[in-house]
Amino acid sequence: MKAISNYIAAIITVSMIFTSIFFLVNTMIRQSRLSGYALNNMSLMIDKARESINVDYIVRKNNDSWILILYIYNRGEVDILVNNIILVLRNLTVYKYNVSYTVPLGSISRINLTLKYDLSEILSIKITTLRGNVFDILSKTQAPIDKLILVNTTKIITGSAFEITLIISNRMNKGVIVNPARINLSFINYISKEYIGDYFEQIDRFPEDAIILNPGSQVNIRYVYRYRGGLSIPTIVDLTIYLDLETVEYEYLESSGYVTYLFVITG
Amino acid sequence: MTKRLKLIAESISVIMLIGVAIVAGYIVYRQFIQQTRVQQVGLMELEEQAWRRIGEKIGFVDGYIRLINLTHKEVLIILYNYGDYDITIKEVRIYGVFINGSIITEVFKLNHRIPPGRVSYLKLYITKPEIGFPPGSLVKTILITESRRMIEINLKVIRGGGL
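Read top to bottom, the protein sequences are chains A and B. So in the UniProt record's numbering the end of the first sequence lands on 267, straight run, no missing numbers. So in the UniProt record's numbering the end of the second sequence lands on 163, straight run, no missing numbers.
For the record, the hints were derived by calculation from the structure and aren't laboratory data. Treat the hints loosely; a few may be bogus.
As the list claims (entries may be wrong) - With a straight-line cut-off of 27 angstroms between C-alpha atoms, the simulated DSS-like cross-links for lysine-lysine are:
| no. | chain 1 | residue 1 | chain 2 | residue 2 |
| --- | --- | --- | --- | --- |
| 1 | A | Lys140 | B | Lys140 |
| 2 | A | Lys116 | B | Lys156 |
| 3 | B | Lys6 | A | Lys126 |
Stated by the list, open to error - Facing chain B, according to a computed beta carbon distance under 8 angstroms, are these residues of chain A, among others:
| no. | residue |
| --- | --- |
| 4 | Ile12 |
| 5 | Thr27 |
| 6 | Ile29 |
| 7 | Ser32 |
| 8 | Asn41 |
| 9 | Ser43 |
| 10 | Ser52 |
| 11 | Arg131 |
| 12 | Val134 |
Said to hold, decoys possible - Covered stretches of chain A (in silico footprint by chain B; criterion: 3 or more residues with CB under 8 angstroms from a CB of chain B, positions within the stretch not fixed):
| no. | segment |
| --- | --- |
| 13 | 5-11 |
| 14 | 85-99 |
| 15 | 120-130 |
Glycine included, every Cβ here is placed at the ideal spot set by N, Cα and C.
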């Protein structure tokens with residue numbers, strides 16, 4: 001009799017011990033899975049913080065549509081996968097482009113987008129990466145090449161010469177070849193938006209030849225132009241520049257800039 | 001005779017004791033199992049919440065309030081879910097300006113689900129003349145998700161005709 005009760009007590013004790021051990025082991029496994037997931041997420045967050053890009057854009061007209069070309073330079077510490085391009089128009093229509101572009105470390109990627117609507121309708125362009133970063137394309141502070149255009153006079157009369165100074169600074173971690181001959185300056189009538197480059201002639205340019213712009217440095221390129229005359233008074237002149245650049249690693253990089261109200265023709 | 005009776009009485013008492021011991025032991029055992037199960041379920045629930053808390057990640061892409069006319073305002077919020085879980089936006093609270101200059105909160109109750117890895121936008125319409133937004137300003141907006149997470153964003157106010 002006593003033996004039977006001892007057996008029963010032993011069975012109950014053993015089953016309790018096994019239940020405890022099972023729950024303990026189960027909890028341990030689940031805990032380790034959770035902490036592994038948390039660690040993985042932490043490293044993902046660190047990788048996200050290490051993503052850093054310079055982005056520039058240029059627009060070309062192609063028949064009745066526009067082509068938006070994005071240049072993305074990866075200056076961060078991890079490779080970047082661009083997975084969404086989001087465009088917002090002025091009437092708050094949203095266009096989402098699902099893309100998949102990998103930008104390796106320290107290189108420039110070029111993304112082409114064909115737009116069927118007028119460019120002045122665009123309110124913002126954003127790109128997102130797989131790790132969750134959102135970058136603003138239209139933000140000037142993120143451009144790989146910083147441009148500044150200055151003119152030495154604001155009023156031009158027939159026959160007078162004027163200077164245009166173009167300051168280019170390199171924000172990337174690699175050198176860029178700047179060839180002044182491949183920089184295209186075009187004068188535009190502010191009102192009618194037509195090209196009026198034929199009324200101006202280039203007299204001088206300094207420097208003449210291509211130079212290598214080292215990381216973080218800047219160059220001043222001076223152009224001397226003369227106004228031949230022939231435009232009505234007053235004409236407000238805008239300027240667009242197209243920079244056709246190459247990095248020292250022979251990667252192609254275009255950049256453009258626009259100046260409204262460069263000067264007024266007064267005689 | 002008395003010896004035999006004594007033996008019977010003794011064995012009955014032993015059987016009763018065994019019965020009591022079995023019942024008591026079973027109750028203790030059941031109680032133990034119940035207790036551990038409750039603990040386990042509680043732990044799993046906590047763990048589930050921890051998983052969601054780590055895995056829910058959302059980024060704000062862009063947001064605007066377009067003033068169509070005095071009455072109609074269009075709100076656009078673009079969000080990017082880069083986490084591992086669905087995120088459901090339950091409430092949007094937009095802080096506007098009332099007629100007398102005080103701050104008024106416009107609350108939208110909705111059920112906007114964003115799957116993982118997806119960019120999604122939500123459009124809301126305010127058709128009240130008494131609530132206003134200064135053009136060019138930033139409007140503070142709070143999104144509340146299903147998991148009671150609050151996301152604070154700023155919407156840009158733009159002018160835009162039409163309608």
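Verification of the supplied hints:
1. Lys140/A x Lys140/B: holds (25 angstroms)
2. Lys116/A x Lys156/B: holds (25 angstroms)
3. Lys6/B x Lys126/A: Given that 27 angstroms is the threshold and the Cα spacing comes to 96 angstroms, the pair is violated.
4. Ile12: Nearest chain B Cβ about 5 angstroms off; hint holds.
5. Thr27: holds (6 angstroms)
6. Ile29: violated (11 angstroms)
7. Ser32: violated (11 angstroms)
8. Asn41: Since chain B brings a Cβ to about 5 angstroms from Asn41/A, closer than 8 angstroms, the hint holds.
9. Ser43: Ser43/A check fails; min Cβ-Cβ to chain B is 12 angstroms, beyond 8 angstroms.
10. Ser52: It is violated, given that the least Cβ distance between Ser52/A and chain B is near 16 angstroms, above 8 angstroms.
11. Arg131: holds (7 angstroms)
12. Val134: holds (5 angstroms)
13. 5-11: Satisfied; 3 residues make the cut.
14. 85-99: Contact hint for the segment 85-99 of chain A vs chain B: holds, 7 residues under 8 angstroms.
15. 120-130: With 5 residues closer than 8 angstroms to chain B, the segment 120-130 of chain A meets the three-residue bar; holds.
Violated hints for the displayed structure, listed by number in ascending order: 3, 6, 7, 9 and 10.
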